[in-house]
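**Q** From just these sequences and the hints, can you work out the full model?
Residue numbers (numbering that gives the first Met the number 0), protein chains in the order written: chain A, 0 to 76; chain B, 0 to 567.
Calculated directly from the structure, the hints in this document are not laboratory data.
Predicted model, so just to flag it, every value in this text is computed and none were measured.
The beta carbon of each residue, even a glycine, is placed where N, CA and C say it ideally should be.
Check before you lean on any hint, since a few could be wrong.
Residues from chain B shown here face chain A by an in silico Cβ test under 8 Å; the list is partial [said to hold, decoys possible]: (1) Y58; (2) T59; (3) N88; (4) W170; (5) D196; (6) Q200; (7) D317; (8) E416; (9) I419; (10) Y424.
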Amino acid sequence: MIISAAEMREGQTGLVINLSGGHGMVRRMQAMGVRPGVPVVKLTSQPFRGPVSLQVGATQVAVGFGIARRIMVEVAG
Amino acid sequence: MKRILLMGNPNVGKSVVFSRLTGADVIVSNYPGTTVEFTKGAMVLDGQRAEVIDVPGTYTLDPTIRAEQVAADMLPEGDVVIDVVDATNLERNLNLTLQLLQSGKPVVVALNMWDEAGHKGINIDVERLEGLLGVPVVPTVAISGRGISNLVSRLDEAQANTYPHEDDDRWSQVGEIVEQVQRVTQRHHTFLERLADFSLQPETGIPLAVVVGLVAFALIRFIGEGLIGYLFDPLFEKLWAPLVMRLSELLGPGGFWHELLVGKLVAGEIEFVESLGLLTTGLYVPLAMVLPYVFAFYLVLSLLEDIGYLPRLGVLVDTIMHHLGLHGLTIIPMLLGLGCNIPGALSTRILETRRQRFIAATLMAICVPCMAQIAMVVGLLGEFGAIGLVPVFGTLALLWVVLALIFKAVLPGEAPEIFIEIPPYRIPALRATGQKVWLRTRQFITDAVPYVLLGVLVVNIMYVLGIIQFLGHVLAPVITNILGLPPEAVAALLIGFLRKDVAVGMLAPLGLSLKQLIIACVVLTAYFPCAATFAVLLREFGIKDMAKAAAIMVTVALCIGGLLNLLL
Ligand SMILES: Nc1nc2c(ncn2[C@@H]2O[C@H](COP(=O)(O)OP(=O)(O)O)[C@@H](O)[C@H]2O)c(=O)[nH]1
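**A** Here you go:
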């Protein structure tokens, strides 16, 4: 099933499939290690469409809800 | 002269390596973006002076934000690059390493955070990594200094272009390297990691943030009051006052030198706050009233910074901040501004867009009183308790929110979404944190005390020349009619351009009512930043934007002062 990082449950793991958004944003995500083929774990999300935090390899990143919606991941079930 | 560039991802310890190499004092914090502009220093290498440059942290040489642009632009200027790599995050860091290896500059790799890698069960085969990359790889622990001399001795082995590869293929190359050199032993989550999760979960993180805030506040008060009550007040009252009294008798009250050095005696005694002499008020205000709080504030803030709490706070408040048209990380300049507006203004650099930086700096300059001013306001209004203090700080907080909303509506554009790396929690290295507190406190002493003395000097001269009396007369309509203050308050408002703490102190002898004190304290905060902050803002934003900001400040101060005058 393919959903966005914003829709993942806390603690859920997903494989990044695709990033969309501005060129700069995509490049920046990639440079931080968020790129297709990489597993990410959703750590937390703040209420009212607040930032989402993700574990990518050894890095933790926090991204705004809008950015999280553009990170598409494949999750089990 | 040989030029050595320190490069690497943000928050990997470059600044600590820099201060190890150069012996220079630099401020280091556990959040990305501390070094946005580059810092230069010098070291001796093989008997010759070499220049060392701490380049802003970057994830890539293909720049995506301003700080990264600075880094990419710096690269051609260097002769050799020390690539500082976070050993606990090898994969992401090596991505930049491979780019550097391809840039044509000779590189050596410092495998920093080696201690933390050990704690985290990360094992890296250094020799193998060195073989694969074709350049020296030296494990270092920058905060303790381990490995640094080894790093320096291997600088002349730096090599360029040792790892040819296609740009598109880089991540998979990195993956292969990591696969070969790194072994991670499974282990339980450490206490710090669990605390890290806990502080970002909204259900637990928000209460924790409130507790942290309250504890920080209580600690600052406790330390500040303790230092004043048990150390500084006794020193000034018991030791310094008798000496100055001697001088006073020697000079004889009334003369020019007496006025300048000792100031006015109140009922034959020295009143450290009111006398307005260089040796009385000029020393007492910065050293005995302000310094203890400045020290206490920086102690607490530096601990929070080095633990790594601030970016988490930025994430927690991001949603609310976005409703106000701001970015979550705007909280950092505001907190730093509470210490002193100058570092606050400088730290707006962690924000991405010029619009965000302008809004943050203006909000801070208007609504965030620095610790020096807070200490004086508390000294002045503390005796009234909450009815004195809440209106002052409450008004400023409310004003902050209202102004943010106005900026959001008026200035075109919006706050970019948050996008940050959250550093792991670290136990602060006592030496490094202590040094930072000392640096910041020393900076206050060297930067603030001369201004305070200058302020006191200027007041005295202006009184002697009749300038204050004249301006009081000219500005009386504004000051009296709009703000409801006596004309003499003009002196405090004038000195506020130089130092806010002295200005607040100058309100003490005027015999103002509680209402007038509240208005004066609020207006003094809002109407203009002190000269030193203004100079920094001018440098950061240019004359055009600062003219705009200044107009906003004066207007806002008059409006809010007038409003308080009507309402209270
Ligand atoms: N445990 C450990 N912490 C370190 C080491 N080097 C730096 N730090 C800490 O890492 C944080 C970031 O360091 P800093 O020099 O500001 O990183 P920069 O952004 O790359 O300049 C600070 O809190 C340092 O005290 C190290 O070798 N080991």
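**Q** For each hint, tell me whether it holds in the structure or not.
**A** Each hint, compared with the structure:
1. Y58: holds (4 Å)
2. T59: Nearest chain A Cβ about 4 Å off; hint holds.
3. N88: holds (4 Å)
4. W170: holds (6 Å)
5. D196: Status holds, d = 7 Å.
6. Q200: holds (5 Å)
7. D317: holds (5 Å)
8. E416: holds (3 Å)
9. I419: Holds: closest Cβ of chain A sits about 6 Å from I419 (chain B), inside 8 Å.
10. Y424: Interface hint status for Y424 (chain B): violated (11 Å vs cutoff 8 Å).
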